[in-house]
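Chemist: Since the structure of chain L is already known, use the hints to place chain C on it.
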Amino acid sequence: METLLRNDFTAHYGLPTSTTSNISISTAAPYFEIEDDEYREIHLHLIPGVGMAGYRNLNSYAATIINYDKFITGLPHVFQQGKERCDLIVHTTNQRYFLLNELKDRKPKDRVRTKSISQLLSSLTLIMSVPAITTFANSHVFRHCCFFNKQSMSPPTITATTAFNRLGTIITVGLRMSKPAIEAFGFEFWEYSGNQVYNL
Amino acid sequence: MTESISIKNLGPLKDVHIENIKPFTVLIGESGSGKSTLMKAIALFRWIYKMHNIRSYLKHSKISKSPFRFRMETYLKNCGFEQFIKADTEIIYTTTFDENRSYQITFSKYNLSGTGNDKLINKDDIYFNKVSFISETRNIIPLWSDKGASFSGGYLGFYFHEVYRDFELASETVKELDLKFLNLKFAVRRTNSGKKYTIQSSTKEAFEIDFKNSSSGTQTSVPISLITQYFSKKFNFEDAFNRSVLNYLSNTDNLTDFKAVKNLSEINKKIFIHIEEPELSLFPDAQTQLINDLVNKCFITNDNSIELFLSTHSPYIINHLNLLIKAFDKDKLINGAKIDYDNLAVYQVVNGELENLIAQNERLVNTNPLSETINNIYDQYTALN
Numbered sequence: 471m472e473t474l475l476r477n478d479f480t481a482h483y484g485l486p487t488s489t490t491s492n493i494s495i496s497t498a499a500p501y502f503e504i505e506d507d508e509y510r511e512i513h514l515h516l517i518p519g520v521g522m523a524g525y526r527n528l529n530s531y532a533a534t535i536i537n538y539d540k541f542i543t544g545l546p547h548v549f550q551q552g553k554e555r556c557d558l559i560v561h562t563t564n565q566r567y568f569l570l571n572e573l574k575d576r577k578p579k580d581r582v583r584t585k586s587i588s589q590l591l592s593s594l595t596l597i598m599s600v601p602a603i604t605t606f607a608n609s610h611v612f613r614h615c616c617f618f619n620k621q622s623m624s625p626p627t628i629t630a631t632t633a634f635n636r637l638g639t640i641i642t643v644g645l646r647m648s649k650p651a652i653e654a655f656g657f658e659f660w661e662y663s664g665n666q667v668y669n670l
Numbered sequence: 018m019t020e021s022i023s024i025k026n027l028g029p030l031k032d033v034h035i036e037n038i039k040p041f042t043v044l045i046g047e048s049g050s051g052k053s054t055l056m057k058a059i060a061l062f063r064w065i066y067k068m069h070n071i072r073s074y075l076k077h078s079k080i081s082k083s084p085f086r087f088r089m090e091t092y093l094k095n096c097g098f099e100q101f102i103k104a105d106t107e108i109i110y111t112t113t114f115d116e117n118r119s120y121q122i123t124f125s126k127y128n129l130s131g132t133g134n135d136k137l138i139n140k141d142d143i144y145f146n147k148v149s150f151i152s153e154t155r156n157i158i159p160l161w162s163d164k165g166a167s168f169s170g171g172y173l174g175f176y177f178h179e180v181y182r183d184f185e186l187a188s189e190t191v192k193e194l195d196l197k198f199l200n201l202k203f204a205v206r207r208t209n210s211g212k213k214y215t216i217q218s219s220t221k222e223a224f225e226i227d228f229k230n231s232s233s234g235t236q237t238s239v240p241i242s243l244i245t246q247y248f249s250k251k252f253n254f255e256d257a258f259n260r261s262v263l264n265y266l267s268n269t270d271n272l273t274d275f276k277a278v279k280n281l282s283e284i285n286k287k288i289f290i291h292i293e294e295p296e297l298s299l300f301p302d303a304q305t306q307l308i309n310d311l312v313n314k315c316f317i318t319n320d321n322s323i324e325l326f327l328s329t330h331s332p333y334i335i336n337h338l339n340l341l342i343k344a345f346d347k348d349k350l351i352n353g354a355k356i357d358y359d360n361l362a363v364y365q366v367v368n369g370e371l372e373n374l375i376a377q378n379e380r381l382v383n384t385n386p387l388s389e390t391i392n393n394i395y396d397q398y399t400a401l402n
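The listed protein sequences derive, respectively, from chains L and C. Every number in this note's numbering is 470 more than the matching position in the first sequence, counting from 1. Every number in this note's numbering is 17 more than the matching position in the second sequence, counting from 1.
With the rest of the complex left out, here is chain L:
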């Protein structure tokens, strides 16, 4: 997928081949979390509770995590201007999973969810316009757009946020929500909050 982005994506949109460094990392760890920082770099954590998106990978599938946000940001300014982008593209080399990820910013923001969905949809629209990427994405069994919303923490003496976020503890996998614009691409929209993790 990294090659498709660097070569086919850029060629499709009439851009020079991307030379942005370090846009992907790979792992086959049975559990991992992904965190993106304020410098648009992504970090992999193998212990729960540190990252924003959690993945359970009990079959040890080889997963590649592409920093899509960093890739787009490395393209000419005139192209990326006004284009919303999600954070990551995660796929497994056995062609089972092809996932777009948006990780919630840690700073308080209004309408984070709506913006995240919009970012995912814009990214999906952009990459699925590239025939080679469409073919590659459609060759995967599970094609999902995932919004990960790290649960906020209350001060220790107040459990209000825990109470309001109880749903995230009742359902350990994410929630699939109706999103016709995403479904039109043959993808499903899934939402994860708190301790909910994606099961590869």
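Simulated from the structure, these hints should not be mistaken for lab results. Glycine included, C-beta positions come from ideal geometry on N, C-alpha and C. Hints should not be assumed to be uniformly reliable.
Computed cross-link-like contacts, EDC-like style, restricted to lysine to aspartate or glutamate with a CA-CA straight-line distance of at most 20 Å [unchecked claim]:
| hint | chain 1 | residue 1 | chain 2 | residue 2 |
| --- | --- | --- | --- | --- |
| 1 | L | K585 | C | D396 |
| 2 | C | K212 | C | D163 |
| 3 | C | K197 | C | E222 |
| 4 | L | K585 | C | D32 |
| 5 | C | K287 | C | E20 |
| 6 | C | K212 | C | D195 |
| 7 | C | K76 | C | D274 |
| 8 | L | K585 | C | E370 |
| 9 | C | K67 | C | D135 |
| 10 | C | K279 | C | E255 |
| 11 | C | K67 | C | D141 |
| 12 | L | K585 | C | E372 |
| 13 | C | K67 | C | E179 |
| 14 | L | K585 | C | E47 |
| 15 | C | K39 | C | D346 |
Listing some non-contacts, in silico: residues in chain C with all C-beta distances to chain L over 12 Å [stated by the list, open to error]:
| hint | residue |
| --- | --- |
| 16 | T19 |
| 17 | K76 |
| 18 | K82 |
| 19 | T91 |
| 20 | K94 |
| 21 | T123 |
| 22 | K126 |
| 23 | K140 |
| 24 | Y144 |
| 25 | D163 |
| 26 | S218 |
| 27 | D256 |
| 28 | L263 |
| 29 | F275 |
| 30 | I284 |
| 31 | G353 |
Modeler: Relative to chain L, chain C alone:
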């Protein structure tokens, strides 16, 4: 009968589509997001469809002269839509029956279509419906019922007088009402000066006060509970039918021409109740108890077929729906209430569009978006450390 609605460019609503309006539909969203606009538009088109049904019934019953005209300009004014209507405003309301027979009423380019004599509803598909809209202005009812006589000619807006009329109608029939969600009772007394509404305790500490002196939460929730009880159990379709149909015929000397295509007992009937902000002035626990009361009246102990449509600002109410779905799945009742997941729709109105909050892979409502405010509060709290 299934209903769908599409709305484009109506005030705050940019592009809204509900493919199948479920028997219990709830809207949540910020102030000014368009919840009320959407609910009013649906209620209006349900009412137009009701009148089109009556017109079709009369036509099928050999009444040749058109019974009435649709005055869209007046209806839009009543809804407060005057400033919302533009050249590109479009509202399409569709009902679909077996074998894909469907009827469509469209408002587009300032014109209403689909209600003409060439678009009559098939006699087998005719419904006799009642449409009720319990507006947020219901909190004026206690004062108006106490002082209204001295304000003859006073006008507090279309929706207030709609809900007041239903309240009056309901209180003619329902003389006592348990308000379990408040541990109170509502009673209607006949006095020399007319009807008197009182609130009584339902506990050992007996007291009775005038309705107008009761708490604000009592004043806003009694009309909901009373009107719902009335439509659920006491609404007399025959009287309503006579008022709508036969009175018209006798007024126009058409009664002799009338050859009823169907008796009322053979006609499908449905009651549509729309409620703005059921939570008004209620503590969260009472909000959830009121929802139990509503669900019980509309879907558990009802004699009449009811469809319920709510708009709310309350995350408590939306979270409570999950409990009632679970109760249904476990075949249990929570204070007399349970909700079938398949009959429920919950939408968040955002940026002029609808977000479907019903999870597709679990039988529950996704309340995560409604936790954003509490998260933000404590994220900011933490940031100050």
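Chemist: If a hint holds in the structure, say so; if it does not, say that too.
Modeler: These are the hints, each one checked on the structure:
no. : hint               : in the structure
1   : L:K585 with C:D396 : holds, 18 Å
2   : C:K212 with C:D163 : holds, 9 Å
3   : C:K197 with C:E222 : holds, 16 Å
4   : L:K585 with C:D32  : holds, 18 Å
5   : C:K287 with C:E20  : holds, 13 Å
6   : C:K212 with C:D195 : holds, 18 Å
7   : C:K76 with C:D274  : holds, 11 Å
8   : L:K585 with C:E370 : holds, 14 Å
9   : C:K67 with C:D135  : holds, 17 Å
10  : C:K279 with C:E255 : holds, 13 Å
11  : C:K67 with C:D141  : holds, 15 Å
12  : L:K585 with C:E372 : holds, 13 Å
13  : C:K67 with C:E179  : holds, 16 Å
14  : L:K585 with C:E47  : holds, 16 Å
15  : C:K39 with C:D346  : holds, 18 Å
16  : T19                : holds, 17 Å
17  : K76                : holds, 38 Å
18  : K82                : holds, 45 Å
19  : T91                : holds, 36 Å
20  : K94                : holds, 33 Å
21  : T123               : holds, 22 Å
22  : K126               : holds, 27 Å
23  : K140               : holds, 36 Å
24  : Y144               : holds, 28 Å
25  : D163               : holds, 40 Å
26  : S218               : holds, 32 Å
27  : D256               : holds, 42 Å
28  : L263               : holds, 45 Å
29  : F275               : holds, 47 Å
30  : I284               : holds, 35 Å
31  : G353               : holds, 24 Å
Violated hints: none; the structure is consistent with every hint.
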